[in-house]
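A.B. asks: Residue numbers (my numbering), protein chains in the order written: chain D, 1 to 312; chain W, 1 to 312.
There may be inaccurate statements among the hints.
Because identical chains share one entry, a pair is satisfied inside a single copy or across any pair of copies.
What the hints assert, rightly or not - In silico SDA-like cross-links for lysine to any residue, where the CA-CA straight-line distance does not exceed 25 Å:
1) Lys136 with Leu293
2) Lys136 with Glu62
3) Lys272 with Pro192
4) Lys165 with Ala200
5) Lys136 with Gly63
6) Lys165 with Leu102
7) Lys18 with Leu97
8) Lys147 with Ala269
9) Lys136 with Gly61
10) Lys136 with Ile292
11) Lys136 with Leu275
12) Lys136 with Phe261
13) Lys136 with Gln199
14) Lys302 with Pro192
15) Lys272 with Gln141
16) Lys136 with Leu266
17) Lys302 with Asp146
18) Lys136 with Glu273
19) Lys18 with Lys100
Keep in mind that the hints were calculated from the coordinates and are not lab data.
Protein chains: 2
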Amino acid sequence: MAEYRSIRERYGLLEMFKNPELSAEVTLQPVKAFSVDAAIIFADILLPLEGMGAGFEFAQGEGPVIHRPVRTAADANALRVAHPEEDLGYVLKALELVRKELNGEVALIGFAGAPFTLASYMIEGRSSRSFLLTKKMMYEQRRVWDKIMSKLAETITAYLLAQFKAGAQVLQLFDSWVGCLAPTDYREFVLPYSQTILQALRQAGVPSIHFGTATADLLPLMRAAGGDIIGIDWRTGLDVAWSRVGEGAGVQGNLDPVTLFAPWQLLAARAKEILDRAGGRPGHVFNVGHGILPATPVDSVKRLADFVHEHR
Amino acid sequence: MAEYRSIRERYGLLEMFKNPELSAEVTLQPVKAFSVDAAIIFADILLPLEGMGAGFEFAQGEGPVIHRPVRTAADANALRVAHPEEDLGYVLKALELVRKELNGEVALIGFAGAPFTLASYMIEGRSSRSFLLTKKMMYEQRRVWDKIMSKLAETITAYLLAQFKAGAQVLQLFDSWVGCLAPTDYREFVLPYSQTILQALRQAGVPSIHFGTATADLLPLMRAAGGDIIGIDWRTGLDVAWSRVGEGAGVQGNLDPVTLFAPWQLLAARAKEILDRAGGRPGHVFNVGHGILPATPVDSVKRLADFVHEHR
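Here chain D stands alone, though its shape is the one from the complex (with noise of 0.2 Å):
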């Protein structure tokens, strides 16, 4: 969007997420822009590792760098817990604003990385293909491994918790990379940190959003771990995805986001696939699969959100 790239020109992303006056106002963009019926704060799933003590930069065409990569039983000892309140309180304050601002009127979705996709960058030190050093410290390294995770789940869930406290109504956790493990290596090495997370959630009463990537047979196993709706990706069919899913929770999902890029006949068709696999039940929300792109037409955006309001 225009609006937000005339910001962006100014300012580097870390300081617009440190600034929640900035955070805020961007946040609100697309609900003033599009009929959505829900906004996500303007965030990223890595700002706690600086709170944690691994430290990280957006290097300029080459994504996240992490400055202390953890890589040893030294460096998991070495990291905190961060704290939400003190390493976070920027998007806390944040929360507030956009849900002052919001009026009851948009619901407020706030979010953070699980466990595993935030584990993988502080130990590849930046994006991966292969995942190579996360999976060779799962496989070799199991108590690093164990220490860096149960260091993530706490860190997770006070940060989630807080920022349901400040004004956050859903809470989203986004496990984008975790679709590179086989099933059984989700369920011996993941499962029970995201489920610690989910279930702290579900105590509080707030409701939850499970999200990853290439999830299409950890689908089953992700519900197990806990969210009442669980993110598609558009690999899968939406009425299969619910299916593996299964009773009980609801799904989010499941356009590609390349495909705001189609002309719109194209477009309307997929989105028309979409609500009719939906087949209109209960709880389903729509949404593209994963992040949208920078370069996507904002008018197709909009020409969406509407043919989605008149279709459902």
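Chain D is fixed; fit chain W onto it per the hints.
C.D. replies: Relative to chain D, chain W alone:
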């Protein structure tokens, strides 16, 4: 393998592919070192791009770079259908040499990249995460897309049939990145082209393997496109994948290649799980679910091959 690295130190990758004696030697190295039932020719899926006029190189540290990316109608029109004997004779020669050496004791697998995966390299110009340019062309420039895919299908069909003639006993079609597509997009934009190739192989009487990654819910469509064996990655339990593939086809897979870095006890447990899920049914080819990684411990590969033979 040390034997491989000592050759690789002295030659560039393309130089090795284009030298049939070296390619044959490298192909035979794992056959000599491990108790494997088949050898796969040492080559790269991108080799046909040169004869098609796109050109490429393996850039240090960043993977393949296409010299003349294909993004317009004019680019697509300028593409040639490669001629296997003229443009890829060095692969055919290597197959002849290897087939002779194997002496009928170990099967020889030839292969090619599938149209979608090769088109994605041609259009993006390099590896991609979002496949934005590729999908945009699919959606926005249907005729250009169809022209590229047609020329690729024609090139690949001729190339694979020539490999059969040169001595390959099984042919594998690698659609490595097709798992980035929604099932509906696969059916509409990709299936017909892969089908053309796989039907031609069936008519020629040569067994085929049809492989992709992150294809959990593409498996029934990939089977519809063709392939006597469907290759699957580790993201789906082998029994679940096989039931999606359906009756009448076998499956190849599906160990996570990174599990080869794990301590033996864990690696053996994962291999045993795959064999248990196959349940002794005929038509299971044990393999890793994607390419083996450079630093893989050679001893683990050796133990795994022996383990599978003992426990199958």
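A.B. asks: If a hint holds in the structure, say so; if it does not, say that too.
C.D. replies: Hints, one by one, checked against the model:
1. For the homomeric pair Lys136 and Leu293, the shortest alpha-carbon distance between copies (12 Å) is at most 25 Å, but the shortest distance inside one copy (31 Å) is not.
2. Proximity of Lys136 to Glu62 under the C-alpha cut-off of 25 Å is found in both arrangements, the shortest distances being 23 Å within a copy and 23 Å between copies.
3. Taking the shortest Cα distances, Lys272 and Pro192 sit within 25 Å of each other only across copies (24 Å), while inside one copy they are farther apart (37 Å).
4. Taking the closest pair of Cα atoms, Lys165 and Ala200 come within 25 Å of each other only inside a single copy of the chain (14 Å); across copies the shortest separation is 63 Å, beyond that limit.
5. For the homomeric pair Lys136 and Gly63, the shortest alpha-carbon distances inside one copy (23 Å) and between copies (23 Å) are both at most 25 Å.
6. In this homomeric assembly, Lys165 and Leu102 come within 25 Å of each other (Cα to Cα) only inside a single copy, at 16 Å, whereas the closest approach across copies is 69 Å.
7. Taking the shortest alpha-carbon separations for Lys18 and Leu97, only the intra-copy value of 14 Å comes in at or below 25 Å, while the best inter-copy value is 63 Å.
8. Taking the shortest alpha-carbon separations for Lys147 and Ala269, only the inter-copy value of 24 Å comes in at or below 25 Å, while the best intra-copy value is 47 Å.
9. Taking the shortest Cα distances, Lys136 and Gly61 sit within 25 Å of each other only across copies (21 Å), while inside one copy they are farther apart (27 Å).
10. In this homomeric assembly, Lys136 and Ile292 come within 25 Å of each other (Cα to Cα) only across copies, at 14 Å, whereas the closest approach inside a single copy is 31 Å.
11. Taking the closest pair of Cα atoms, Lys136 and Leu275 come within 25 Å of each other only across two copies (23 Å); inside a single copy the shortest separation is 41 Å, beyond that limit.
12. Proximity of Lys136 and Phe261 under a CA criterion of 25 Å is satisfied inter-copy only: 6 Å between copies versus 38 Å inside one chain copy.
13. Taking the shortest Cα distances, Lys136 and Gln199 never come within 25 Å of each other, neither inside one copy (28 Å) nor across copies (41 Å).
14. With identical chains, the CA atoms of Lys302 and Pro192 are never at most 25 Å apart, being 39 Å at best within one copy and 33 Å at best between copies.
15. Taking the shortest Cα distances, Lys272 and Gln141 sit within 25 Å of each other only across copies (22 Å), while inside one copy they are farther apart (47 Å).
16. Taking identical chains as interchangeable, the C-alpha atoms of Lys136 and Leu266 lie at most 25 Å apart only when they sit on different chains, with a minimum of 12 Å there against 42 Å within one chain.
17. Taking the closest pair of Cα atoms, Lys302 and Asp146 never come within 25 Å of each other, the shortest separation being 44 Å inside a single copy and 30 Å across copies.
18. Proximity of Lys136 to Glu273 under the C-alpha cut-off of 25 Å is restricted to the inter-copy arrangement: shortest distance 19 Å between copies versus 40 Å within a copy.
19. Proximity of Lys18 and Lys100 under a CA criterion of 25 Å is satisfied intra-copy only: 19 Å inside one chain copy versus 66 Å between copies.
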